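Trainee: Sequence:
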Amino acid sequence: MLLRPTSLRARRAWIAFTFATVFLSACGGSGGDTVAGPGPAPSPPALPIDPPALPPPVAPPPGVRGPITYQAAHLVLGQADASGGAANRGGSPSAQTLFFPGGMAITPDGGFLVADTNNNRILFFDQVPTESGHAAVGILGQDTPQGSSPSVSLTGLNRPLGIAIGAGKMAVADKDARRVLIYDARFAPGAMPLPQVVIGQVNFDQFVGSCSVSEERAGMRAPDSVWITPQGKLIVSDPANNRVLIWDAVPTTQAEAASPRLVIGQFDMAHCAENDDNHNHVPDTINGERVATARTLSEPAGVWSDDRLLVIADRRNNRVLIWTDFPQDNFEEADIVLGHDSFSNTAYNSEIDADGSSFTPTAKTLFSPTGVHSDGTSLAVVDRSNNRVLIWNEFPSRSGQQADVILGHADAGAAVTNDSNGDRVTDVPTAQVLNFPRQVLLTPTAVYVSDRAHNRVLVFRR
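Every letter in the sequence shown is one number past the one before it in the working numbering, and letter 268, counting from 1, is 729.
Because the hints were derived from the structure by calculation, they are not lab data.
Okay, the calculated beta carbon distance ranges per label pair: (1) 556 - 796: 43 to 49 Å; (2) 666 - 790: 34 to 40 Å; (3) 605 - 710: 32 to 38 Å; (4) 691 - 541: 34 to 40 Å; (5) 551 - 645: 34 to 40 Å; (6) 588 - 693: 22 to 28 Å; (7) 904 - 629: 18 to 24 Å; (8) 742 - 906: 45 to 51 Å.
Computed from a predicted structure; not experimentally measured.
Yeah, the Cβ is synthetic: ideal placement off N, Cα and C, and Gly gets one too.
I would like the entire structure built from these sequences, with the hints used as guidance.
Mentor: This is how it looks when you write it as structure tokens:
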């Protein structure tokens, strides 16, 4: 029996050892930043010792598909190879380049979509790419592969972030246009669909951000992530309004678009302040410090649900909230919190409320999480400002539960970008490191990660 140490130094060493030998079990939609929040933690000074030796790769145990901690991606999109990181490969946009990619989705026919956020477009691959540098065969939001201009119109996009496909529809969170677009999910090379419905605006040319919901439209400001459940519910994170909106079905008319059934994170549709548990339109504090509860949100990002579970990346509260039964009423409390041991804590890389923020993460902590996805068995979370993706082999069942697998770092205490040798100093891009990742997608055979600041999508075998 392996006993867990109790001292802080010994506990961190124990976590690093544990993470080097833990693996992912069996298998399984979003882009740039929302509004201003905490930035990345400054890198701690380099220690005057040799870098720690990295653990050697170990084959996963029987019955576990993978990936393993610090696994190398086998395929990269947006760059010629894993050593590249420049936007549009240092030149103009093409069908093979990316500039701050975000959400990803698999089409019903086995194609692949990625939100190319700062190129103001969505790229369509007619099959899941099987080689690095694969070229897209369709583009949504631009007339040519070289185009990148933003547009608030029927055919244009303005920094799209999230993509979701389900119930025969595709939803796109068009962040800087302050809207969500609904399309019929039919794709063919060179022929991309036009949106049928716009949520958040009264028409495709309007550009207004607001909190309140009216008979004409559901107010939105910088929508981030979208998700369509197996039963057809539409879930939209509205981070600048500190809430998540839920429709019982994907809207097919403008009247339906104006009428979400539920709001999570707020008392009602007229409230929009962060962490406003007493719904007085003012963020809650204790002794001047930000404080959250099990039902409040602060700039939520990624969302996921299977119609029973609901998962929300509560970005600025540095946590992930889980509802074990899908909410039926506004402002329902979550059941599980990841990233902290309590619902009141909002500090980054802080297991225990009294600890405060820390430069050093653990297998339990989060710093500005932005993406969540599950295949029904495992849960993956993009821990953006710790430059990693955390994976729980089995869906978490308790608050503060530590992750089993880390992508992007060799151990749980690392946080800096491109730390290829474990010395806590930034290096060049490789197939194992991440730079402000944004979203994650699990499939039965792969884990897809949009590595935002490296302007690429990495694909890891499972």
